[in-house]
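Engineer: Given these sequences and hints, build the entire structure.
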Amino acid sequence: MKRMTSEKTEPQSDSQLTPMNRRNFLLFSGAAAITTAFVASCKKDDDDPTPTPNEVNLGSGDTGILNYAYALEQLEAAFYTQVVASSYYLNNASADEKQILIDLKNHEVAHREFFAAALGSGKIANLEVDFSSINFGDRSSVLNTAKAFEDLGVSAYNGAGNLLKSADYLVLAGQIVSVEARHAAAIRDLLNPLSADFAGDDIIDGNGLDLARKPDAVLGIASKYIKTKINASNLPK
Amino acid sequence: MNFLKIIEQFDFDKTHPELHDNATSRKDALNLLGKFASGVALAAVPTILMTLPKAVAAQGAGVTEILNYALVLEYLESEFYNIGLSSGNLIPSKDRTVIQTIAKHEAAHVNYLKTALGSAAGAKPTFDFTVGGAFSPFTDYPTFLIFAQAFEDTGIRAYKGQAPALMVDPATLQVALQIHSVEARHASEIRRIRGQKGWVTGDNAAANGIPSTAFDAVYAGENQSIQGGVNVPNVSGISSAAVAESFDEFITMDQGNAIAGLFIK
Numbered sequence: 001m002k003r004m005t006s007e008k009t010e011p012q013s014d015s016q017l018t019p020m021n022r023r024n025f026l027l028f029s030g031a032a033a034i035t036t037a038f039v040a041s042c043k044k045d046d047d048d049p050t051p052t053p054n055e056v057n058l059g060s061g062d063t064g065i066l067n068y069a070y071a072l073e074q075l076e077a078a079f080y081t082q083v084v085a086s087s088y089y090l091n092n093a094s095a096d097e098k099q100i101l102i103d104l105k106n107h108e109v110a111h112r113e114f115f116a117a118a119l120g121s122g123k124i125a126n127l128e129v130d131f132s133s134i135n136f137g138d139r140s141s142v143l144n145t146a147k148a149f150e151d152l153g154v155s156a157y158n159g160a161g162n163l164l165k166s167a168d169y170l171v172l173a174g175q176i177v178s179v180e181a182r183h184a185a186a187i188r189d190l191l192n193p194l195s196a197d198f199a200g201d202d203i204i205d206g207n208g209l210d211l212a213r214k215p216d217a218v219l220g221i222a223s224k225y226i227k228t229k230i231n232a233s234n235l236p237k
Numbered sequence: 001m002n003f004l005k006i007i008e009q010f011d012f013d014k015t016h017p018e019l020h021d022n023a024t025s026r027k028d029a030l031n032l033l034g035k036f037a038s039g040v041a042l043a044a045v046p047t048i049l050m051t052l053p054k055a056v057a058a059q060g061a062g063v064t065e066i067l068n069y070a071l072v073l074e075y076l077e078s079e080f081y082n083i084g085l086s087s088g089n090l091i092p093s094k095d096r097t098v099i100q101t102i103a104k105h106e107a108a109h110v111n112y113l114k115t116a117l118g119s120a121a122g123a124k125p126t127f128d129f130t131v132g133g134a135f136s137p138f139t140d141y142p143t144f145l146i147f148a149q150a151f152e153d154t155g156i157r158a159y160k161g162q163a164p165a166l167m168v169d170p171a172t173l174q175v176a177l178q179i180h181s182v183e184a185r186h187a188s189e190i191r192r193i194r195g196q197k198g199w200v201t202g203d204n205a206a207a208n209g210i211p212s213t214a215f216d217a218v219y220a221g222e223n224q225s226i227q228g229g230v231n232v233p234n235v236s237g238i239s240s241a242a243v244a245e246s247f248d249e250f251i252t253m254d255q256g257n258a259i260a261g262l263f264i265k
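Protein chains in written order, with the numbering used here: chain Z, 1 to 237; chain W, 1 to 265.
These aren't lab readings, by the way, just hints derived from the structure by calculation. Since the model is a prediction, treat every value here as computed from it, not as a measurement. Check the hints yourself; a few may be wrong.
[Said to hold, decoys possible] List of simulated lysine to any residue pairs, SDA-like, C-alpha gap at most 20 angstroms:
id, chain 1, residue 1, chain 2, residue 2
1, W, Lys197, Z, Leu191
2, Z, Lys165, W, Thr172
3, Z, Lys229, Z, Phe131
4, Z, Lys98, W, Gly195
5, Z, Lys165, Z, Lys229
6, W, Lys94, Z, Ala196
7, Z, Lys165, W, Val63
8, W, Lys104, Z, Lys98
9, Z, Lys214, W, Val168
10, Z, Lys227, Z, Lys98
11, W, Lys104, W, Asn82
12, W, Lys197, Z, Glu55
13, Z, Lys237, W, Asp169
14, W, Lys197, Z, Asp96
15, Z, Lys237, W, Met167
16, Z, Lys237, W, Val168
17, W, Lys124, Z, Arg213
18, Z, Lys227, Z, Asp96
19, W, Lys94, Z, Pro193
20, Z, Lys165, W, Ala171
21, Z, Lys165, W, Ala61
[As the list claims (entries may be wrong)] Not everything, but these chain Z residues come out facing chain W in the computed CB check (under 7 angstroms):
id, residue
22, Val154
23, Val177
24, Ser195
25, Ala196
[Said to hold, decoys possible] Computed footprint of chain W on chain Z, listed as stretches where at least three residues anywhere in the stretch have a Cβ under 8 angstroms from a Cβ of chain W:
id, stretch
26, 115-129
27, 181-187
Think of the CB as a built atom: it goes at the ideal place given N, C-alpha and C, for glycine as much as any other residue.
Structural biologist: Shown next, in the form of structure tokens:
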């Protein structure tokens, strides 16, 4: 079990870490009604006790959905950070595999830090992951976990889009989910090259639609890999 | 033609009459697309989130209009792959399963959208995949793959651009997102078959392994590392290039129609 942290050595205070203060965040949060709702949720967050290390509360409204995405990006980033230091990656991965995995690590860290910055002081704490079920020395274990995480991420964003109130955040989620889907296809192709698996019938239905999952389903699947309890009870339904 | 009706509603003909002037050759249209990409398209791409609502709101399309726009793109993709699959030895056997899988999805998307639209569904346009004789995608496999990459990467951007306008209809929004990510899976696979990364690697065709500026519009505005007002390289320590790869950018309906229009007679 490893503590998730950003690539920087120590967590910094929000004022140092985030390029935007609360006020600026609100400035680009869109319509007045949304802003009002957002202010309300921020206020509530401020009043909440600091989350214990054992549990985080994602919060409500768009902030809650962004924190939900942030939690998943934390999971992915922590995983790939460990992958690129693994014996499989260092000793056995092909050049193609290495390029894909280092790209995925960089993309997921970028996503994680984007959400951290966008959420500012509204963000959840760093999650504690549990990768004890993963054999980082084994190609199959690493790539199958990557496949599971990428597919899970795609289904999560697909299911969360219509829970967002802000068009801005919807676009940003859309900008990220297509990259997650690109990742998923690449990893699936590494596992079974030039087969139908890059967009297999296990995830794409007869109408040609990818999976969409609501947060409870996603977090249930992810909980195997996350030690910190995630309270999603205030998320939009 | 339904497609032109859509165009007219956005005054596209007035601002870009050359694209729909029969007297103008298709090659001129290709050149124009390049100008479109370097001028209008880039100007429309936001660098900070604050500009986003305006760019998106300017489209103002209704759900039916959006689904018909999507249907045109799906008609285009579906017909393209079907012709490819029936073109003799065009597709090598090693890639055939991939192309068949993509074709299956595009046909399903066409059917799904037609069903959803019912009597409002637009007719399939007449396509010209040679773009007035300039290209031979069904006798030259590398060209076929370039087209496939361009269509998939365009489709992703097009669906993404319509997501905000679909917020009024949450169920349809989710379906659009579910199609959107399938297009992204397709794009990744085609790109990797071509020896490219599965993700977008720059804001022009050459940077994405396509040696023709005719396809620059497909990638215009893709090289963004500031997202939602956040300078992502600064906060993450990740290179600008990798950050730009990690966020796909949207295109407006006008931009999507301009690209699709090149392949419509």
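Engineer: Return the numbers of the hints above that this structure violates; sort them in rising order.
Structural biologist: 5, 8, 10, 12, 17, 18
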